[in-house]
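Number of protein chains: 2
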Amino acid sequence: MPKPLILVSNDDGITSKGIRVLVSVMKRLGEVVVVAPDSPQSGMGHAITIGETLRLTEEEIFEDVKAYKSSGTPADCVKLAKHYVLKDRTPDLVVSGINHGSNTSISVLYSGTMSAAIEGALEGLPSIGFSLCDYSSNADFSHVEEWVEKIAIQVLENGISKGVALNVNFPPKRNEDIKGIKVCRQADAKWQEEFDERYDPNGRKYFWLAGNFVNFDKGEDNDEWAIANNYVSIVPCQYDLTAHHSISQINKEWDWDKL
Amino acid sequence: MPKPLILVSNDDGITSKGIRVLVSVMKRLGEVVVVAPDSPQSGMGHAITIGETLRLTEEEIFEDVKAYKSSGTPADCVKLAKHYVLKDRTPDLVVSGINHGSNTSISVLYSGTMSAAIEGALEGLPSIGFSLCDYSSNADFSHVEEWVEKIAIQVLENGISKGVALNVNFPPKRNEDIKGIKVCRQADAKWQEEFDERYDPNGRKYFWLAGNFVNFDKGEDNDEWAIANNYVSIVPCQYDLTAHHSISQINKEWDWDKL
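Heads up: the sequence lines are chains A and B, in that order.
Position one of the first sequence corresponds to residue 0 (numbering that gives the first Met the number 0), numbered consecutively onward.
Position one of the second sequence corresponds to residue 0 (numbering that gives the first Met the number 0), numbered consecutively onward.
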């Protein structure tokens, strides 16, 4: 059987520690091609580059791995990989990360890491976004390598439902071993924003986005609970956003005579 | 009863025609405050500004309406409005648009218009993104004003389910009147990308993202069908991306002994 072809991307940029760890694990499983942003793209959500040009440059960064850096977003990188770099070949797996920082709960919406994975799913490819709940640029990934490999093997063997990408988060390195995996739902939590108001040397006002993460969710079947309790969380995420329950609510409650 | 407070944003920028139309309709319904990007932000998805500063400037653009332009993304604009501009007041409605161009089907993921609406929903506010399926900067919005008003009134009166924002698309101006509204699901369609490869005057390669929209959906209960048949489409969109069906599939199929 030929080795699987694995596309690697991320949002922290091609020189981050997290992508180096991910590439080293994926090399055990197959042929790896990297297309990743040339600079950090955190918080880019599912942004794509429209109305501006894109750059793509081959770089020797990883031993024995074809690697390209791009001026674009994580979603652009997956598009460039699929439709240009790997034009005549179809990846067996798309992996993104390992993100430096949590992408649990609502953070999935803002996450460049997950946008690369969801872009892969849109292309019909089994896709996984990996994040470590530790924001340090020099974070310790040693406790997650075996889990990254196990999860990737399961996806290569079993696939993922159509229209779904996996959002995998790992607890930070703690004194006890990771307890296992919880396949769970996205926690009901949000960022409680504050804006830090300042003045530049010319007296013009500017703001920094700041704020705290607030968890409203009391359940034990969600990703926040899993991470807090030292489990790996896997949330299968779909890109069909239709709220079917709301369709019937609108049809029942709205006054159609007024429309 | 006090007039409702209505927050208006968009992704085409505060000077676009679409936001002028939206502001003029909303002024009939309540007190309007505008916080919108100072330049076009199409394709920004749910990007937010992290690691860079944000600007916010009050501008007299719309008659009798408080308006602010920001250097940020549409999602940033709604955050700035909620947590800074309107800090002590809660909007009764958040509207975004009217976008110059379709945001049906999968485009919801890439849409800055819808990210502003989803950000509103995240803040617990009834929120609607409006888009006209006509990309022209001078598009004719005359046939949609009455529908924008009717839909906003329904939402002010009935609210929207928690965790849901409405994605409203209007057909382009045609020779026949709009037939009505279809509350429907997101069509199964995607962008089939191509990259247009060129060389700059210094001989360095660059790319333009290009491509076609491909509709795989044969159903008549989706937004693509509605627009093609001259109906207004309303897709209620949820920001909880959990694919519940996939949780049980994974728990059944994966080999947990290997994990």
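Treat the hints with caution; some may be incorrect.
Which copy is meant is left open, because identical chains are indistinguishable; a pair holds if it fits in one copy or across any two.
Claimed, not checked - Distance condition first, Cα-Cα at most 20 Å in a straight line; then the derived SDA-like pairs of lysine to any residue:
#1 K86 x D176
#2 K86 x E192
#3 K181 x D256
#4 K161 x Y238
#5 K161 x Q237
#6 K161 x R184
#7 K161 x D239
#8 K181 x K257
Everything labelled a hint here was simulated from the structure, so no lab data went into it.
| query | Which of the listed hints are not met by the structure? | reply | Checked against the structure, the only hint that fails is number 1, while the rest are satisfied.
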